[in-house]
Amino acid sequence: AQSVTQPDIHITVSEGASLELRCNYSYGATPYLFWYVQSPGQGLQLLLKYFSGDTLVQGIKGFEAEFKRSQSSFNLRKPSVHWSDAAEYFCAVGTGGGADGLTFGKGTHLIIQP
Amino acid sequence: SAVISQKPSRDICQRGTSLTIQCQVDSQVTMMFWYRQQPGQSLTLIATANQGSEATYESGFVIDKFPISRPNLTFSTLTVSNLSPEDSSIYLCSVSLTGIPDEQYFGPGTRLTVT
Chain A
439 AQSVTQPDIH ITVSEGASLE LRCNYSYGAT PYLFWYVQSP GQGLQLLLKY FSGDTLVQGI
499 KGFEAEFKRS QSSFNLRKPS VHWSDAAEYF CAVGTGGGAD GLTFGKGTHL IIQP
Chain B
5 SAVISQKPSR DICQRGTSLT IQCQVDSQVT MMFWYRQQPG QSLTLIATAN QGSEATYESG
65 FVIDKFPISR PNLTFSTLTV SNLSPEDSSI YLCSVSLTGI PDEQYFGPGT RLTVT
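Note that the protein sequences, when read in sequence, are chains A and B.
At position 22 of the first sequence the residue is numbered 460 (the numbering used here), and the sequence of numbers has no breaks.
At position 97 of the second sequence the residue is numbered 101 (the numbering used here), and the sequence of numbers has no breaks.
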């Protein structure tokens with residue numbers, strides 16, 4: 439069975455600073471990887487996804503993520519954070535079957551300091 | 005993408021009663037999913053609902069407690085039965101678009117509080 443680990447429960451970053459959120463996955467085959475963001479009182483919004491091909495993927499809101507098979511990682515990055523980026527971030531893995539649900543990590547709570 | 009709505013957005017229910025949550029999508033989709041997000045926790049898949057067949061439940065979730073209907077390609081309901089305080093959670097539906105494996109779009113969620 440697949441699993442996802444987000445080792446950082448909370449991260450605090452100053453506005454304008456760079457951001458990296460860590461995600462490690464466990465899955466025997468090629469994973470389908472996702473990052474979602476959940477703002478307070480909101481549903482989940484898809485930031486970006488990786489299926490195959492270029493290991494650096496671009497998403498919405500200026501986010502990017504890099505897939506590293508050798509490290510089983512899919513870290514999320516942003517060069518300069520804005521106060522509106524404060525939210526809960528979830529990494530998720532799928533099996534690619536289309537009929538299965540996603541397995542989510544426990545999430546990382548991002549706090550932005552002024 | 006898809007636009008997904010859920011009703012109700014929140015509810016407070018008494019122990020022993022049931023709540024039915026509706027999920028409506030603005031386009032026809034094959035796969036719909038129901039997740040639970042307990043307070044301060046991540047999302048856990050409850051079941052997968054494919055139109056025209058019985059829902060498939062994950063380990064730890066049973067049909068008697070979480071009956072699901074999927075009458076057509078744009079609509080599904082999840083009922084949480086015999087409520088207890090442990091059922092207090094956010095319940096989210098999601099859809100997977102045809103031809104895009106595993107890429108799921110989520111509704112805004114239903115916040116359930118059981119007293």
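Accuracy of the hints is not assured; some may be wrong.
[Said to hold, decoys possible] Listed next, the stretches of chain A that the computed footprint assigns to chain B, with coverage defined by at least 3 CB atoms under 8 Å from CB atoms of chain B:
1) 507 to 521
2) 541 to 549
[What the hints assert, rightly or not] Straight-line alpha carbon distances no greater than 30 Å define the calculated DSSO-like cross-link-like pairs of lysine-lysine that follow:
3) Lys69/B with Lys11/B
4) Lys499/A with Lys69/B
5) Lys487/A with Lys544/A
6) Lys487/A with Lys506/A
7) Lys69/B with Lys506/A
8) Lys69/B with Lys487/A
9) Lys544/A with Lys506/A
10) Lys544/A with Lys69/B
11) Lys544/A with Lys499/A
12) Lys499/A with Lys487/A
What the hints contain is simulated information worked out from the structure, not anything from laboratory work.
This one's a predicted model, so the numbers in the text were calculated from it and none came from an experiment.
For every residue, glycine included, the Cβ atom is placed at its ideal position computed from N, Cα and C.
Hints, one by one, checked against the model:
For the region 507 to 521 of chain A, the assignment as covered by chain B is violated, since 0 residues bring a beta-carbon within under 8 Å of that chain's beta-carbons and 3 are needed. Counting residues of the region 541 to 549 of chain A whose beta-carbon sits less than 8 Å from any beta-carbon of chain B gives 5, enough to reach three: the coverage restraint holds. Under the criterion of a C-alpha separation no larger than 30 Å, the hint pairing Lys69/B with Lys11/B is consistent with the structure, at around 19 Å. Distance hint between Lys499/A and Lys69/B is unfulfilled; the C-alpha atoms sit about 39 Å from each other, more than 30 Å.
At roughly 18 Å between alpha-carbon atoms, Lys487/A and Lys544/A fall within 30 Å of each other, so this suggested pair holds. A hinted pair counts as satisfied when its Cα atoms are at most 30 Å apart, and Lys487/A with Lys506/A qualifies at roughly 14 Å. Taking the CA atoms of Lys69/B and Lys506/A, the gap is about 40 Å. The hint is violated against a cut of 30 Å. Proposed proximity of Lys69/B and Lys487/A is contradicted: the alpha carbons are some 33 Å apart, above 30 Å.
The straight-line distance between the Cα atoms of Lys544/A and Lys506/A is roughly 20 Å, inside the 30 Å bound, and the hint therefore holds. Of the pairs offered as hints, the one joining Lys544/A and Lys69/B holds, with about 25 Å between alpha carbons and a cut-off of 30 Å not exceeded. Restraint check for Lys544/A and Lys499/A: the C-alpha separation of about 22 Å stays at or below 30 Å, so the hint holds. Using a Cα cut-off of 30 Å, the hinted pair Lys499/A and Lys487/A holds, with the two alpha carbons roughly 14 Å apart.
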